[in-house]
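Enquirer: This is what each chain is made of:
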Amino acid sequence: MNLAEGVQIVSFAILAAMTIAAALGVVLFNNIVYSAFLLGGVFIGISGLYVLLNAGFVAAAQVLIYVGAVNVLILFGIMLVNKRQSFAPIKNAWVSQVATALVCLGLFALLSTMILATPWVLSDAPIAGDNAVVVIGLHFFSDYLLPFEVASVLLLMALIGAIVLARREYLPEEALSQDQTPALTLPERPRELVASSKK
Amino acid sequence: MQLQYFLILAATLFCIGIYGLVTSRNAIRVLMSIELLLNSVNLNLMAFSNYLDPEQIRGQVFAVFVITIAAAEAAVGLAIVLSIYRNRDTVDMEQFNLLKW
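The listed protein sequences correspond, in order, to chains A and B. All letters in the first sequence, in the order written, are residues 1 to 199 by our numbering. All letters in the second sequence, in the order written, are residues 200 to 300 by our numbering.
No lab work stands behind these hints: they were computed from the structure. Since this is a predicted model, take the numbers as computed values, not measurements. Among the hints, erroneous ones may be present.
[Claimed, not checked] Listed next, the in silico SDA-like pairs over lysine to any residue satisfying Cα-Cα at most 20 Å (straight line):
1. A:K83 to B:D291
2. A:K91 to B:F295
3. B:K299 to B:S282
4. A:K91 to B:V221
5. A:K83 to B:L281
6. A:K83 to B:N225
7. A:K83 to B:Q294
8. A:K83 to B:R285
9. A:K91 to B:N286
10. A:K83 to B:K299
11. A:K91 to B:L281
12. A:K83 to B:R257
13. A:K91 to B:E293
14. A:K83 to B:S223
15. A:K91 to B:Y284
16. A:K91 to B:R285
17. A:K91 to B:D291
18. A:K83 to B:L202
19. A:K91 to B:S282
20. A:K83 to B:R287
21. A:K91 to B:N225
22. A:K83 to B:E293
23. A:K83 to B:N286
24. A:K83 to B:I283
25. A:K91 to B:Q294
26. A:K91 to B:R224
27. A:K91 to B:S223
28. A:K91 to B:A278
29. A:K83 to A:I32
30. A:K91 to B:I283
Working from the sequences, and respecting the hints, build out all of it.
Expert: See below:
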């Protein structure tokens, strides 16, 4: 990174503030659509931090995959389950929230003391920088070849699994018996709702 | 710039993600919190890759793998949420008790 030290610190501060504010918005907003758009803000802020860390390729991949694919997928999910319901209030919900907040603060304190107390051995080797794509490609096809291939199989499994899980159930014998199905409707098994408050 | 700044930022994001994961009632918000967790871990990996291993950037390779797994996880998780929504007609986490004694 050819920027001066002060410029780097200022841009780090701006990106960190933006990321943390957007992450708090994701968790705390009531409207889930706002949360989904703020999640895109978190992803973009983190990709800016990657650029500060001399990793342009992974920053571009982050914007492509997270903002372009995952965030859009989540927005589509929100659209498909768009049910404006207010959840039934639970008794003593604030107890669990306060307990979780305390546990999270404790975890943060633990991690911070660990980070500040550890003597990190910084390396003085030359930074890969713009050569990073070549180095990553060499890693993929030499010492990380097996995880690379396994990742491709896992993506195929996730693709098929998501389709199988999300599709509607289809009954071929009923479809064959009914000749007069109206156009543009899939024959579908009449769904029976499991009683949601069954005890 | 120091390594510790990035690590503390990642720890903050991780704690926010865990808070959202535990307290949120909407199933899709739980998925978003998991994405926050994965991103904070990725930030850790990239910081270590830049400061401790700048020549053989293995951290970036791991980050690419984590991004891949996160994409697959988001697709399968949303498919599960859709399937549950179709069966139970709600996305409230407190009512998903099919496997609870």
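Enquirer: Take the hints in turn and mark each one as holding or not.
Expert: Do the hints match the structure? See the list:
no., hint, result
1, A:K83 to B:D291, "holds (11 Å)"
2, A:K91 to B:F295, "holds (17 Å)"
3, B:K299 to B:S282, "holds (18 Å)"
4, A:K91 to B:V221, "holds (16 Å)"
5, A:K83 to B:L281, "holds (12 Å)"
6, A:K83 to B:N225, "holds (11 Å)"
7, A:K83 to B:Q294, "holds (15 Å)"
8, A:K83 to B:R285, "holds (12 Å)"
9, A:K91 to B:N286, "violated (26 Å)"
10, A:K83 to B:K299, "violated (24 Å)"
11, A:K91 to B:L281, "violated (28 Å)"
12, A:K83 to B:R257, "violated (44 Å)"
13, A:K91 to B:E293, "holds (12 Å)"
14, A:K83 to B:S223, "holds (16 Å)"
15, A:K91 to B:Y284, "violated (24 Å)"
16, A:K91 to B:R285, "violated (27 Å)"
17, A:K91 to B:D291, "holds (15 Å)"
18, A:K83 to B:L202, "violated (44 Å)"
19, A:K91 to B:S282, "violated (28 Å)"
20, A:K83 to B:R287, "holds (12 Å)"
21, A:K91 to B:N225, "holds (17 Å)"
22, A:K83 to B:E293, "holds (16 Å)"
23, A:K83 to B:N286, "holds (14 Å)"
24, A:K83 to B:I283, "holds (13 Å)"
25, A:K91 to B:Q294, "holds (14 Å)"
26, A:K91 to B:R224, "holds (14 Å)"
27, A:K91 to B:S223, "holds (15 Å)"
28, A:K91 to B:A278, "violated (31 Å)"
29, A:K83 to A:I32, "holds (11 Å)"
30, A:K91 to B:I283, "violated (24 Å)"
This entry does not satisfy hints 9, 10, 11, 12, 15, 16, 18, 19, 28 and 30, going by the numbered hints stated previously.
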